[in-house]
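Q: Protein chains in written order, with the working numbering: chain A, 1 to 64; chain B, 65 to 298.
Heads up, some of the hints might be wrong.
Pairs of lysine to aspartate or glutamate residues, derived as EDC-like cross-links and limited to a Cα-Cα distance of at most 16 Å, are as follows [what the hints assert, rightly or not]: (1) Lys144/B x Glu79/B; (2) Lys149/B x Asp174/B; (3) Lys144/B x Glu47/A; (4) Lys97/B x Glu81/B; (5) Lys15/A x Glu81/B; (6) Lys149/B x Asp165/B; (7) Lys15/A x Glu39/A; (8) Lys97/B x Asp74/B; (9) Lys15/A x Glu78/B; (10) Lys144/B x Asp75/B; (11) Lys144/B x Glu42/A; (12) Lys149/B x Glu79/B; (13) Lys149/B x Glu81/B; (14) Lys149/B x Asp48/A; (15) Lys144/B x Asp74/B; (16) Lys15/A x Glu47/A; (17) Lys15/A x Asp75/B; (18) Lys97/B x Glu204/B; (19) Lys144/B x Glu78/B; (20) Lys15/A x Asp74/B; (21) Lys149/B x Glu82/B.
Okay, the calculated bits of chain A under chain B, using three or more residues with CB under 8 Å as the criterion [as the list claims (entries may be wrong)]: (22) 5-11; (23) 42-56.
Which chain A residues stay away from chain B? Per the calculated CB distances, all over 10 Å, these [as the list claims (entries may be wrong)]: (24) Met1; (25) Asn2; (26) Lys15; (27) Glu19; (28) Asp21; (29) Val22; (30) Asp24; (31) Arg25; (32) Ser32; (33) Gly33; (34) Thr36; (35) Thr38; (36) Glu39.
Don't read these hints as lab results, they were simulated from the structure.
By construction, the Cβ of each residue, glycine as well, lies at the ideal position given by its N, Cα and C atoms.
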Amino acid sequence: MNEDLLDIICCPLDKSELELDVRDRDDGEIVSGTLTCTECGEAYPIEDGIPNLLPPDMREETTA
Amino acid sequence: MKGQEWYQADDIAEEYEEKRFSRGGRLIDRREKQAVLNAIGPVEDSEILEIACGTGRFTVMLAERGADVVGLDISGPMLKQGREKARAAGVADHLEFLRGDAGRLPFPDDHFDAVIAMRFFHLADTPASFLSEMRRVSREIVFFDTFNRFSTRSIYNWALPMGSRLYSRWEVTRLLDEVGLELVGDEHDFVLPYGFYRQIPNSTASTFRKIDTTLGSLPFGDRLASVSYWSCEV
Chain A
1 MNEDLLDIIC CPLDKSELEL DVRDRDDGEI VSGTLTCTEC GEAYPIEDGI PNLLPPDMRE
61 ETTA
Chain B
65 MKGQEWYQAD DIAEEYEEKR FSRGGRLIDR REKQAVLNAI GPVEDSEILE IACGTGRFTV
125 MLAERGADVV GLDISGPMLK QGREKARAAG VADHLEFLRG DAGRLPFPDD HFDAVIAMRF
185 FHLADTPASF LSEMRRVSRE IVFFDTFNRF STRSIYNWAL PMGSRLYSRW EVTRLLDEVG
245 LELVGDEHDF VLPYGFYRQI PNSTASTFRK IDTTLGSLPF GDRLASVSYW SCEV
């Protein structure tokens, strides 16, 4: 994902802002990391460049 | 949601386009893209969200026409195909994919110029809740299609891997009322259903397509159509 996407997306549960924590970057693009809700604290993973904003009850456990 | 596991399998995602949009299916692809462009007009510099974007057929086309597009889908493997396609088309800078729930969209109110969902509502178990989320995040246009009750679609519907919810005109207008959307345009097409075109070679498809559109243009043609495109405003 591009960092600009942060201006658009929010927490699917309470629509609050998300805080970005980058783990891995490739040529400006964020490949892996975490988006954390500044209100409820729910953490959403970024995997293979794609943020996973499925609410926790719909997210399958990812194997490490 | 129907067929969720089927839809999210890697091999299904990899074969998805080949199975549906080669052979006679190419005509379907073209018609659907035209329907989207008819509904949302010139898209340059507009912000567009597609719900259930799958492998990115529409998102890539819209990004190529200068829109800033976000594609949302439940399936990681489908989005992976979309990302590769966006890169190949050179539009990755104008197109973002993310996984999310269509019933709880991770966007603020009134954010997009247009929100579209193609081939989504036939899988929706609670269509009103999804449509109302689309309306919430759009400031102008909401566009979607349905497969119709009382059409040729009914004949092979039972055989599909995901099942399929069919709608009548009355059901769609009631849904729009319920969520507060105004219908501004509707098109009805495909007297011969999608499944038929997928089975026939491209060489004969255009002949059947001609028969199809001729039937569809008759006075009762709309009522025979298996697909409807609904263009709405907030």
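Q: Holds or violated: Lys149/B with Asp48/A, Cα cutoff 16 Å?
A: 15 Å, holds
Q: Compute the least Cβ-Cβ separation between Gly33/A and chain B, then decide whether it is above 10 Å.
A: Consistent with the label, Gly33/A stays out of reach of chain B, its closest Cβ about 13 Å off (over 10 Å).
Q: Over 10 Å to the closest beta carbon of chain B is the bar; see if Thr36/A clears it.
A: 13 Å, holds
Q: Holds or violated: are the alpha carbons of Lys149/B and Glu81/B at most 16 Å from each other?
A: At roughly 12 Å apart (the allowed maximum being 16 Å), Glu81/B and Lys149/B satisfy the hint.
Q: Hint check: Lys149/B vs Asp174/B, CA-CA at most 16 Å. Holds or violated?
A: 28 Å, violated
Q: For Asp21/A, is the shortest beta carbon distance to chain B beyond 10 Å?
A: The claim holds: Asp21/A sits with its nearest Cβ about 17 Å from chain B, beyond 10 Å.
Q: Please verify the coverage claim for the stretch 42-56 of chain A: does it have three or more residues whose C-beta sits within 8 Å of some C-beta in chain B?
A: Held - the stretch 42-56 of chain A has 9 residues with a Cβ nearer than 8 Å to chain B, which meets the minimum of three.
Q: Beyond 10 Å from chain B, beta-carbon-wise, is Arg25/A?
A: Per Cβ check, Arg25/A is outside 10 Å of chain B; nearest 15 Å; holds.
Q: Regarding the pair Lys15/A and Glu47/A, is the alpha-carbon distance no greater than 16 Å?
A: Since the Cα atoms of Lys15/A and Glu47/A sit roughly 21 Å apart, the hinted pair is violated (cutoff 16 Å).
Q: Holds or violated: Lys97/B and Glu204/B, Cα atoms, limit 16 Å.
A: Not satisfied, since the Cα-Cα distance of roughly 20 Å exceeds 16 Å.
Q: Compare the distance between the alpha carbons of Lys144/B and Asp75/B with 16 Å, and conclude whether the hinted pair is satisfied.
A: 12 Å, holds
Q: Is the hinted pair Lys144/B and Glu78/B satisfied, with a Cα-Cα distance of at most 16 Å?
A: 9 Å, holds
Checked against the numbered hints listed earlier, the structure breaks hints 2, 5, 6, 8, 9, 11, 16, 17, 18, 20, 24, 25 and 26; every other hint is satisfied.
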